[in-house]
Structure formats: structure tokens, C-alpha cells
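Enquirer: Here's the letter readout for the chains.
Number of protein chains: 2
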Amino acid sequence: MDENKFGQLKKYLTDYIAVNDEMFSIFCSKFKFKTLQRNEVLLKAGDICSYMYFVKSGCLRIFMLDAEGKEATRFLVFENKFGTAFPSFTLQEPSMAFIQSLETSEVLYISYRDFQQLLDSFPGWEKVYRINLEKDYIDSIKRIEGLITVDAKDRYQLLLSENQMLIKRLPSKIVADYLGISQETLSRLKSKK
Amino acid sequence: MDENKFGQLKKYLTDYIAVNDEMFSIFCSKFKFKTLQRNEVLLKAGDICSYMYFVKSGCLRIFMLDAEGKEATRFLVFENKFGTAFPSFTLQEPSMAFIQSLETSEVLYISYRDFQQLLDSFPGWEKVYRINLEKDYIDSIKRIEGLITVDAKDRYQLLLSENQMLIKRLPSKIVADYLGISQETLSRLKSKK
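For the record, the sequence lines run as chains A and B.
Heads up: the first sequence is residues 1 to 193, going by the numbering used here.
Heads up: the second sequence is residues 1 to 193, going by the numbering used here.
Incorrect hints may appear among the rest.
When chains are identical, the list treats them as one kind, so a pair holds in a single copy or across two.
To be verified - Below, computed lysine-lysine pairings styled on DSS-like, alpha-carbon distance capped at 30 Å:
id : residue 1 : residue 2
1  : Lys-70    : Lys-32
2  : Lys-168   : Lys-142
3  : Lys-127   : Lys-11
4  : Lys-153   : Lys-44
5  : Lys-142   : Lys-127
6  : Lys-190   : Lys-34
Calculated directly from the structure, the hints in this document are not laboratory data.
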């Protein structure tokens with residue numbers, strides 16, 4: 001067992017369930033490791049997403065292109081989180097979204113088939129996955145709340161209070177796009193506070 | 001076992017897992033039944049949501065008030081689905097949203113504590129819940145996609161193709177509000193097609 005490679009994944013599990021070394025070896029054997037280049041595209045819209053990714057370092061961006069070909073950021077996945085083009089991965093149907101590595105990133109990834117097999121057979125994994133799914137679903141609900149009720153300024157303040165790292169770490173273009181506002185509006189908001 | 005009262009809930013389970021009568025009786029014993037009036041409010045923003053609802057007939061609406069006090073519909077829950085003010089119920093914290101019965105509705109409802117207990121102890125329930133959580137999460141992702149990339153006309157067409165019942169059954173005010181467009185825009189889109 002390579003502690004360096006799988007240590008974060010072990011913590012992800014043991015935050016919720018007890019896992020002995022033998023069991024954890026079985027769990028890890030389903031994952032492969034990959035280093036991604038900055039801006040590397042992992043999935044194109046139209047393709048079926050075959051993998052779930054666990055981000056060890058760096059950041060993945062799930063984004064779409066609107067009718068005018070403008071990028072719209074749907075989700076950002078930072079270290080110690082699982083992420084993928086969720087509808088495509090879960091339903092095994094063509095993706096509406098792209099997956100891109102925004103920074104030099106290190107990921108562990110697992111195939112759809114192995115992921116389902118772990119859910120069926122690895123004790124406690126369904127619970128860990130379910131609890132994190134609840135968190136992701138809550139994040140997406142908050143995203144919807146922001147989009148339907150809150151104006152640009154409040155959306156920026158909300159992000160500042162809930163996810164300051166995102167604003168500090170990512171290019172203005174991506175932050176503006178995530179908030180659904182122009183870069184000009186964003187820099188005006190940034191300079192104000 | 002009252003087949004009339006719990007038949008739909010049984011189907012909800014047996015679509016995914018095998019359940020014998022004795023086990024199902026234990027499952028049902030956690031639920032209570034209620035008839036809701038049209039427009040009855042089940043939860044107010046600021047309160048902690050104590051219940052998960054299974055809609056037997058009718059429709060629940062989860063909505064918020066924006067800065068100007070205008071209603072913004074977050075989700076609609078029709079028959080044979082579970083629904084609640086999800087972040088508040090799951091985190092047991094004050095709700096940002098209201099829950100309202102849009103029609104005369106019949107629901108089965110279960111407390112947070114009993115719901116967690118079923119997840120821990122009822123064989124297969126975590127799987128059934130997880131699979132439906134994936135579906136709800138995918139719906140919310142599609143909602144976000146619609147909000148960030150698609151213009152009013154395309155959003156209406158998307159809803160027409162994916163959830164025509166919603167447009168047919170609900171007042172224009174609610175449909176417009178769900179789509180994030182004005183009632184005037186909606187009636188223009190409706191008359192065009």
C-alpha cells in the first residue's frame with residue numbers, strides 16, 4: 001500500500017467508516033493514478049463519461065458551452081473530493097459537459113463498472129458515497145438558490161463567505177463565469193468591498 | 001397493512017429491492033398520513049424542517065423569497081416521489097425555503113430521526129434512497145444547466161419535452177416563476193410553438 005498515493009482516499013473513507021488495511025487494499029486496487037496538465041481536457045461534451053475522479057491536488061472544472069459558444073462553469077472540484085460529469089457517468093449517456101483540469105492536478109480515477117461494484121459489495125462504501133452525495137446535492141441546491149434569487153453583488157458576497165479559496169485561487173474569468181456575471185462586474189465588486 | 005394507504009410506497013421500494021410483508025410493516029410504521037389543503041404551508045423559511053414527505057397525490061412546491069419578496073420556485077414534487085426542504089432536513093438547520101402544497105395533496109411523512117434510523121437499519125433502504133438521490137441530484141444539475149446556459153425560449157422547450165405535465169397542471173404564475181421568466185414571456189412562448 002502506497003500511503004503517499006492513497007492516504008487522502010483512506011482519510012475520505014475513515015472519516016465515516018472503519019476500514020482495515022486488507023479491505024482498503026481491495027478498495028484501492030480499483031483506482032488508477034494520473035497527473036493532469038493545466039487546462040487538459042478529460043472529457044468532451046457528446047462523449048460518455050467513463051470515470052469518477054478523486055482529486056488529490058489541483059482542481060477540475062465541469063463546464064458547458066452555451067448557444068453562443070460561451071463557456072459556463074457548472075461545478076468546480078477541489079482536492080479531497082470526488083467529481084465527474086455526474087449525469088453522464090451515472091446514466092452512462094453522452095455528456096452535456098466538458099471536464100477540464102484547471103491546474104496541474106493529481107487524480108485517482110475509477111471506472112463506472114468498478115464504481116458500481118464497490119457500491120454493491122464494499123461494506124460501508126454506499127454509506128460514504130450517499131453522505132457525500134447529499135453534500136453535493138445541497139451544494140447544487142444552494143447554486144440554484146443563488147441563480148434564482150440573488151443579484152450579482154449578493155452572489156459574490158455569498159461566494160466570498162462560503163468559498164473564499166475559489167476566488168483567491170482561480171482566474172477572474174472562471175470566477176466571473178461561475179457567478180454568471182461579467183469580468184467587469186466582478187472586478188468592480190472585488191475593488192469595492 | 002392498509003394497501004390503499006401504503007401501496008404506492010411499497011411500489012417505490014419494490015422497484016429496487018425485495019421486501020416481504022413483515023419487513024414492509026416495520027418500514028411503514030415509521031410513516032404518518034396527512035391530507036393537505038390547497039396552498040397549505042408545511043414549512044416556513046427560518047424553521048428547521050423535521051419531515052421528509054412522500055407525495056401520494058397532489059404536488060408540493062419548495063420555494064424561496066428573493067430580496068424583493070418575490071417567490072422563486074426551487075423544486076416541485078409530484079406523486080410517488082419523496083421531497084422536502086432538503087438542506088434543512090439533511091443538516092437539521094434553519095430552512096432558506098418554504099414548503100407548500102399547491103393542490104389538495106395526500107402525503108406520508110417521516111421524522112428526521114426515523115428516517116436516519118431506517119438508513120442505518122433497514123436492509124436495502126440506503127440503496128433505494130441513494131439511487132433516488134442520484135436522480136434528484138441529476139435533476140438539479142439539469143436545472144443549473146438550464147439557468148446558466150439556456151435562454152427563455154429554449155428553457156420552455158426543454159421543459160415541454162421533459163416535463164409537459166408540469167406545464168399542463170400548474171398555474172402559469174408558477175410555471176413562469178419555475179422557468180425564471182415573466183408571465184408575459186411565458187404566454188408568448190405558449191401561443192407560438
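Enquirer: Would you mind marking each hint as holding or not holding in the structure?
Expert: Okay, the hints, checked on the actual structure:
1. Lys-70 / Lys-32: Answer is neither; intra-copy 33 Å and inter-copy 49 Å both fail.
2. Lys-168 / Lys-142: both (21 Å within a copy, 28 Å between copies)
3. Lys-127 / Lys-11: both (15 Å within a copy, 23 Å between copies)
4. Lys-153 / Lys-44: between (32 Å within a copy, 26 Å between copies)
5. Lys-142 / Lys-127: both (23 Å within a copy, 25 Å between copies)
6. Lys-190 / Lys-34: Cα proximity of Lys-190 and Lys-34: none, with 35 Å in one copy and 50 Å across.
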